[in-house]
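As they're listed, the protein sequences go chains P and F. Under the working numbering, think of the first position of the first sequence as 2, with each following residue one higher. Under the working numbering, think of the first position of the second sequence as 329, with each following residue one higher.
Honestly, the hints are just simulated from the structure, not real lab data. Don't be surprised by glycine CBs; every beta carbon is placed ideally from N, CA and C. Heads up, some of the hints might be wrong.
In silico lysine to aspartate or glutamate, DMTMM-like type, Cα no more than 20 angstroms apart, as pairs [as the list claims (entries may be wrong)]: (1) F/K594 / F/D388; (2) F/K450 / F/E414; (3) F/K594 / F/D619; (4) F/K531 / F/D498; (5) P/K64 / P/E88; (6) F/K463 / F/E505; (7) F/K590 / F/D614; (8) P/K272 / F/D619; (9) F/K620 / P/D221; (10) F/K455 / F/E434; (11) F/K620 / P/E37; (12) F/K620 / P/D222.
Here are some of the chain P residues that sit facing chain F, going by a computed Cβ distance under 10 angstroms [said to hold, decoys possible]: (13) A40; (14) S41; (15) L42; (16) N43; (17) R210; (18) R217; (19) E226; (20) P229; (21) M262; (22) V273; (23) I277; (24) P279.
Next come the chains, spelled out residue by residue.
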Amino acid sequence: MTDNSFYVRDLGPLQGPVLIFGGPYSNLLATQAMREAAASLNIPGENVICTGDVVAYAGEPAKTTDAIMGWGITTVMGNCEESFGGEADDCGCGFEEGTACDVMSRQWYAYANAELNPEQRAWMRGLPSQVTFTLNSRRFAVVHGSAASINEFVFEGTDNAIKQRDLDALNVDAIIGGHAGVPFTQAFGDRFWHNAGVIGMPANDGTPRVWFSVIRPSGDDIEIEIYPLNYDYAAAASSMREKRLPDGYAKCMEDGLWPNMDVMPEAERAKVGVAIAPSIFQWRAQQQVAAE
Amino acid sequence: MSVTSRALDPRKFRDPHVTADGQQRAVVALTHLTTLWFNTGSLCNITCVNCYMESSPKNDALAYMTFAEVQAYLDEIDRENMRVEEIAFTGGEPFMNPNIIQMLEEVLARGYKALVLSNAMKPMLNKRDELLAIKERHADALSIRVSVDHFTRERHEDIRGKNTWPPMVDGLRWLAENKFKLAVAGRTCWDESEEQGRTGYGKLFETENIPVDPNDPGSLVLFPEMDADVDVPEITTHCWDILGVAPETMMCASSRMVVKRKGADKPVVMPCTLLPYDTNFELGHDLAQSDKMVKLNHPHCAKFCVLGGASCSPD
Numbered sequence: 002m003t004d005n006s007f008y009v010r011d012l013g014p015l016q017g018p019v020l021i022f023g024g025p026y027s028n029l030l031a032t033q034a035m036r037e038a039a040a041s042l043n044i045p046g047e048n049v050i051c052t053g054d055v056v057a058y059a060g061e062p063a064k065t066t067d068a069i070m071g072w073g074i075t076t077v078m079g080n081c082e083e084s085f086g087g088e089a090d091d092c093g094c095g096f097e098e099g100t101a102c103d104v105m106s107r108q109w110y111a112y113a114n115a116e117l118n119p120e121q122r123a124w125m126r127g128l129p130s131q132v133t134f135t136l137n138s139r140r141f142a143v144v145h146g147s148a149a150s151i152n153e154f155v156f157e158g159t160d161n162a163i164k165q166r167d168l169d170a171l172n173v174d175a176i177i178g179g180h181a182g183v184p185f186t187q188a189f190g191d192r193f194w195h196n197a198g199v200i201g202m203p204a205n206d207g208t209p210r211v212w213f214s215v216i217r218p219s220g221d222d223i224e225i226e227i228y229p230l231n232y233d234y235a236a237a238a239s240s241m242r243e244k245r246l247p248d249g250y251a252k253c254m255e256d257g258l259w260p261n262m263d264v265m266p267e268a269e270r271a272k273v274g275v276a277i278a279p280s281i282f283q284w285r286a287q288q289q290v291a292a293e
Numbered sequence: 329m330s331v332t333s334r335a336l337d338p339r340k341f342r343d344p345h346v347t348a349d350g351q352q353r354a355v356v357a358l359t360h361l362t363t364l365w366f367n368t369g370s371l372c373n374i375t376c377v378n379c380y381m382e383s384s385p386k387n388d389a390l391a392y393m394t395f396a397e398v399q400a401y402l403d404e405i406d407r408e409n410m411r412v413e414e415i416a417f418t419g420g421e422p423f424m425n426p427n428i429i430q431m432l433e434e435v436l437a438r439g440y441k442a443l444v445l446s447n448a449m450k451p452m453l454n455k456r457d458e459l460l461a462i463k464e465r466h467a468d469a470l471s472i473r474v475s476v477d478h479f480t481r482e483r484h485e486d487i488r489g490k491n492t493w494p495p496m497v498d499g500l501r502w503l504a505e506n507k508f509k510l511a512v513a514g515r516t517c518w519d520e521s522e523e524q525g526r527t528g529y530g531k532l533f534e535t536e537n538i539p540v541d542p543n544d545p546g547s548l549v550l551f552p553e554m555d556a557d558v559d560v561p562e563i564t565t566h567c568w569d570i571l572g573v574a575p576e577t578m579m580c581a582s583s584r585m586v587v588k589r590k591g592a593d594k595p596v597v598m599p600c601t602l603l604p605y606d607t608n609f610e611l612g613h614d615l616a617q618s619d620k621m622v623k624l625n626h627p628h629c630a631k632f633c634v635l636g637g638a639s640c641s642p643d
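Starting from the given sequences, assemble the full structure and let the hints guide the process.
In structure tokens, the structure reads:
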């Protein structure tokens, strides 16, 4: 494995529930709450996977990176790790020039870029681009964006052909993606695309809650549980304001609404402000399961 | 409601994941364990119509919880630093458990608030001296919620049996005179609006000099009819948004109840006070194991919690 190269880390067969979360986004308080929730659910670090973007919009890039590094979990490289690790000029999210995201990302990126130390950047460079594991004989691949691109946004409303393309390309039973920021589970015959959501910012559902998931063996079946995470969002928002980071994201932490929906498909835009509910998707063994 | 109720559709509440019409069943995640309930045992000194616990002088399906069992759960809370705020006791009639006073002392000494659901009849009045001693030491950290099924003797006794009214009123008066922190649980099984109910209870409280605010839903808790055979809709993941109800406000988002089945080696944790017997809802033996999502696969989940807004905690 060399730095700055694409590589796959195979965790092999995992026993017991696997906890997935995405996008800590420099949100230290949410990251700490995530670790407490994992402990409360009795899920050890070796069964926890972060889908990347440890550092982004919020106020504590260095401390959040340390919290993830010190937890003993597996982290997939996000576009932010790729950029900070390689000391790039921007976050690599792929926002179009001049859009609201593009303008705001210049501010938080500069702040985070000044905070991170060489050891943290080296850790980021060493992260795998893809993580694989098996659970109950089913093969999972975890990527940040899509199998094709680290910064491709894959929402539930994204063209299904893209998800099927990746499931075929990686030849797995399920792909777990991050990057997009809204949790969902979608079946394609007996295969799945799943996104655990992110813990660093709300899911544009009008509530300050953030999201993670637990993939739990249940007999021969697998249950994919999408959980809300409550944390001290008011303190996280005020920490951002103290640091004069873009107010749009601090406000989003409080009201649960994204500052803009540039990257969202129509289907997700239509659900703005609709509170997401926790859910369990049952993936039955040897059986065709219809999408919701 | 006096309308004829339809029987529960047998196709409902079967698959824990999917409703009868094929939709994804709603689930509730434990947000934060705030109240831990102990069922002290299913025995009761009276037999009420449609008691959701089926408690009676003969039903010992849930054994008396022992002091050591309660202590073990309190130790787990302390050890894991769980930030539980309240320990609550229900039954049966909790004051029939021989160790109830010792349990209350322990809970209060550890700094938790304590709540006991009681019918305020003879079993409670038998513990007058011990309760006064607890009140002396711990003041308002102990609350007692008394079941008064209706504000008239006639309807109260329709549900709770003949001559159950006078001893209940004696118990309620004694609690009020001795300034215990007090709440009342009533029912709305009759053709009365909630407003009529609250007005009726208000008059009773005034007459008997009971310091309970009838208009505060936490002080006078009104429960709907508890007949599990009546048809109710199933709850899907879409219902929350349609109803404007948040899953985080459900009892199973903040509570758990420990029960000890007759003949069992050890107690088991259930998601709420309404489902003491259904073994499909068992969550494990300790509190760490009980941090699981609850699938709303019981008519009570729909009727009392999602649609009825039932909450068994005064706060």
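A quick look at each hint next to the structure:
no. : hint            : verdict
1   : F/K594 / F/D388 : holds (16 angstroms)
2   : F/K450 / F/E414 : violated (26 angstroms)
3   : F/K594 / F/D619 : holds (18 angstroms)
4   : F/K531 / F/D498 : holds (17 angstroms)
5   : P/K64 / P/E88   : holds (18 angstroms)
6   : F/K463 / F/E505 : holds (13 angstroms)
7   : F/K590 / F/D614 : holds (18 angstroms)
8   : P/K272 / F/D619 : violated (29 angstroms)
9   : F/K620 / P/D221 : holds (19 angstroms)
10  : F/K455 / F/E434 : holds (16 angstroms)
11  : F/K620 / P/E37  : holds (15 angstroms)
12  : F/K620 / P/D222 : holds (17 angstroms)
13  : A40             : holds (8 angstroms)
14  : S41             : holds (5 angstroms)
15  : L42             : holds (5 angstroms)
16  : N43             : holds (6 angstroms)
17  : R210            : holds (8 angstroms)
18  : R217            : holds (9 angstroms)
19  : E226            : holds (5 angstroms)
20  : P229            : holds (6 angstroms)
21  : M262            : violated (19 angstroms)
22  : V273            : violated (13 angstroms)
23  : I277            : holds (9 angstroms)
24  : P279            : holds (4 angstroms)
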